[in-house]
Amino acid sequence: MATKSTEISSHVRSAANAWLVSCIIVGGISGAYMLYQLMTVGHAAFNTSSDGVNWGLPIATYVFFALTSSGLSMIASLAMVFGFKQFYPIVKRCIWLAIITLASGFAVLAFELGHPFRMLWAMPTGMQVVSPMFWMGVFYTIDLVLLIIKFYLIMQDDWHSNLSKFIGAASFVAVILASGMLGLLFGSVAMRPMWFGSFTSIYYMLTAALCGAAAIVVTTYMAFDFDSRNMPDELRTLAESDQLPKVFATLIGITLVMIVTRMWTGLWSNLDGLEGFHILIKSPLFWIEFLLGLVIPFWMLLQPSMQVRMRPQMIAAFLVLGGMFINRYEFIVSGQIVPMFKGTWVNSLEPYFPSTTEWAMAVFGLAVALGGYAIGEKLFHLSATPNNGTAGKLATSAA
Amino acid sequence: MAKWGMVIDLEKCVGCQACTIACGMENSRLPGEHWQDVIFFQEGEYPNTEIKWFPRPCMHCENPSCVAVCPVRATYKAEDGQVLVDWNRCIGCKYCMIACPYGVRFYTEEKATYGGPNMKQVFKSEDAHSWNPPWKMPQEDWKHGVGVQPHDVVSKCTFCYHRVSKAPKGTADLDPQNPATREYTPACVVTCPTGARFFGDLSNPDSEVNKQIAYKNGVRLLDHLGNKPQVYYLTGEGGSVPATRSLKKI
Ligand code: SF4
Ligand code: SF4
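Chains A and B, in that order, give the protein sequences.
72 is the number of the first residue of the first sequence in this note's numbering; add one for each residue after it.
298 is the number of the first residue of the second sequence in this note's numbering; add one for each residue after it.
Bear in mind the hints are in silico, worked out from the structure with no lab data behind them.
Please note that the accuracy of each hint is not assured.
[Stated by the list, open to error] In the DSBU-like style, the derived pairs of lysine-lysine whose C-alpha atoms are separated by at most 35 angstroms in a straight line are:
hint: 1; chain 1: B; residue 1: K421; chain 2: B; residue 2: K374
hint: 2; chain 1: B; residue 1: K374; chain 2: B; residue 2: K408
hint: 3; chain 1: A; residue 1: K353; chain 2: B; residue 2: K408
hint: 4; chain 1: A; residue 1: K353; chain 2: B; residue 2: K349
hint: 5; chain 1: A; residue 1: K236; chain 2: A; residue 2: K156
hint: 6; chain 1: B; residue 1: K433; chain 2: B; residue 2: K513
Bound-form chain B, shown alone (with noise of 0.2 angstroms):
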């Protein structure tokens, strides 16, 4: 069974939100529903100032307080570590919004996050799915997570899912250079310009994502919580992460 994983290298992320839209567009996502998102922000006061940003997507923690605290079971560990909602089940308490220390879910049913028209008046839907945009992605299968969601559930990053599992058992990395494995690569990663991103499994030693971590110290964020995400970050000399949450934002 695989243990997939990401690794961030933040010498290389330059802060261009290419995965943050790879992602919307990848998943249907409405808009300021940022499921990956790269977080800016200041640290330092004046004159000493410097801007900074910390990409940040679902960690698929190993040990979850998402899934803990869920109290119908709707939020699941899959079986190749992934972490899922599974819409016909979640009864929209938010609890695992409430316990989840990386702000990554989302509650379908609420105001419009971002200036503009309300997308989902918009494009409005006449079924169960909260909206219907013109730019849906083909695969829907609500028991885990996957497509434009229905009204009054949680939603968060899959791992690409969708993709991710087509991939034949037993790969060790999904690189999006090589042709055979780019399909089933999460979209954040195939589309990430610097390449930045890889994507692997963490529980086989060969595999790129385990080098990356042992060779370049791989860190990762808040991990005195405990919920040991499996989404490891490489600082090297530029960057840093982010040892508090209550960061000035800008």
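So that you can see chain A by itself, here it is in the shape it has in the complex (with noise of 0.2 angstroms):
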């Protein structure tokens, strides 16, 4: 046993290890770029204008990350709140995600804002209750010290405790909290009509979860190079299973039933403002998200000889992380492109195409996700279950 787990141990470094080193160097460029471009063009570095779309792509790579944090957690609680026990082999990963995911979204939103320090005083010396953005502020906080603090209790071994318990409870529901905040902060404004409605605290919730296991599917193989030979008993046991498969294919299909009636109820109605979705059927952008990035993945896994294998498990799942990617900034730029009362000069559509330092911005955040993972693997033995807790120990210090 502990021969074995040396050997996962050596090739999940060095599997983390070109990852980190891959990380390094693009995060370091982008990074590089931004911080370069933000310093002497600042935020003009955006193609994003006061006529019409205020938020672009940084917002929705924010959105993005921060709802597969939200997810990774969801799926988490599948074990540490409901009592899935065979999710077990996966909960220190998913958790390790979210607090990285998550950090990362930070990251990429700290960018965009225009002060984003004075914020730590302007937030809990203004105390706006009204505002869906504070406390989408505060939920989230709230949500990445539980996790913190729930990374720790399993780093201690410690999976059954009553406090473990506590805190895993409470951090589900924070989690809900604050995908449903950063729902409510676009479902609140009725001069939105194609965000508007408390559908979209619900959308954010649920493609959420489905984010988090496209999430862990495609790491947990990540972290074995691609071949579940690499892995723990317990874990190979779980992904060549058909559990995983099928709720991530349940949530595609949620997914998937959301957006097309979120689609037929904008394209019927004729409310000043929807024709943002006139305009989203017609882009090719739209029909990959769907086609490619949900349609095929969810009829794949709906394969029982492709459920349990891990090439088809794999491709679905980057699929899908690539087509909900897609999705967060359809939703956010479509919401905005018919203009308010704005100017002579004002088109009756606002173009909208992400600036060099956006995307740098994009990059940037994914490297960041993707190194702060790539640090996991190699320290803290991400595959650790409540029954080979002396094996993650060892591995913990022989990394």
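With the hints in hand, could you dock these two chains into one complex?
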């Protein structure tokens, strides 16, 4: 057992090393470019404008990461809160990834804001309790703190104590509230009919779970060089069973239903501002997201022969993550392309394409997330379960 | 306490943009950053088509969504009814720009929206100001969003806070024809060559703005959204208030 675990950890570490180095290079280049632009040109390096699209790709990237983090917490809760023990082998990795993706989201958001540091004192002294953005900040901060405590407890091999259970449950509630608040941030603005309504919060919560499921499938395989033979026994049992793919397929199905119902309501209604739906359905990006990012993975995961194989699971998860990234982007941008009343020189519909700086921010966010994940693999034995606590510790001390 | 409001008579407005220019000069705005604008649009299809225009300042809403969404209380409703931005608090999240139904807010840091040279480069600032225009207004009050603004914050029409707040308490009307009140009157009202704009206290039943709203049936823009603007339009026979915001602009 000890030999196998040493073998495993050496595999994990070599894969993680390669990831870490590439992330440092990619993140370093994109981060340096972004910082250079922000310091010399400032936020004028963005293609957003007061006339139309105020929130562009950086906000979409933030939403993507924040919701993926929430989804990972939700998946961890399957074992930690709801007692589905078969999911234990992915819990630790989920929690670490949730911390890291949330941190990447916050990092991107900080560079998008005009005065990120001012927020630290202006939010608590303002106490603007009717602002959804205020509550989003509160709940995501609570979420982050609870995630860190949860991860610490697991590092101490404490999976079942009352404290651990309480933190698990509290974290689940926090994550529902945080993703719901992020949805409310968009859903509360009646003047933006493409976003307005309680649907947006529910949509954000459920699609968060989908992104979480996709992220854990991708990273679990990534940790073992895309080869399930390298996995510890418990994890391999989970990877080769149809449990996680079934949860995953259900979540894609729910997302598809939500997207279709949202589209047909939007296309049918002629409320001023809903023109965005007609633009959306004509855009190739939407069809890539819908067909390639959701329909095909859904079909793949429903095939009993594909469910239990690594490659189709991986491909489906990659496609879903790509599709959902587009989804966050088009959700945010399409809600703004019909301009508000603004000046003689504004078009009927606002064109927007992210600037190089905005792309660099997205790449930077991704590099932070993947790099942080690799650090986790190197240092924390992310495949630990309640049954191999000692192995987990061994691997940690070996690292 | 006053509740300052504006009335714009669309029958009198000729769409000359004098208000837009006066506002820009008064408040040291960048070209294209029109706190006050006259929006031109086209209604109908050829050959039954008509060009219309519509003056639009910040509505200083009674129930402002921009105030509600601001996570740090940088946007706030002042005592006398103006909606202002505290430039010392704003974190530049732009949520207020998303939530304002009237598109009246501007983010300092963006590409020049106008053709021609980038004024921020031409008149570079050496300090915290975002630029250093040669025609700077003498007043500077960042707590009330007055003056040349700093970097990375949001700005908007203040109802000429630096003028109006100096009016003697209890004044019902700020009338540019009256030498006693002219210097406290917002620049766009002073400059309007047809006298299409009125400015006064909506909470005072005797004010001219209240009379105009009552006699000429004042209406508000996109009233169904519930922001309850403190800017009223008089439509009479000639003008109309757009019911949508997606009119084809020209
Ligand atoms: S018009 Fe817009 S910026 Fe002005 S008070 Fe109303 S919501 Fe706020
Ligand atoms: S941009 Fe400034 S004024 Fe607007 S909501 Fe954000 S903090 Fe408030």
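Here is how each hint holds up against the structure:
Of the pairs offered as hints, the one joining K421(B) and K374(B) holds, with about 32 angstroms between alpha carbons and a cut-off of 35 angstroms not exceeded. Using a Cα cut-off of 35 angstroms, the hinted pair K374(B) and K408(B) holds, with the two alpha carbons roughly 29 angstroms apart. Proposed proximity of K353(A) and K408(B) is supported: the alpha carbons are some 28 angstroms apart, at most 35 angstroms. This hinted pair checks out: K353(A) and K349(B) have alpha carbons roughly 31 angstroms apart, not beyond 35 angstroms.
For the proposed pair K236(A) and K156(A), the alpha carbon gap of about 14 angstroms is at most 35 angstroms, so the pair holds. For the hint linking K433(B) to K513(B), the alpha-carbon distance of about 38 angstroms lies beyond 35 angstroms, and the restraint is violated.
In this structure, only the earlier hint numbered 6 is contradicted, and the remaining ones agree with it.
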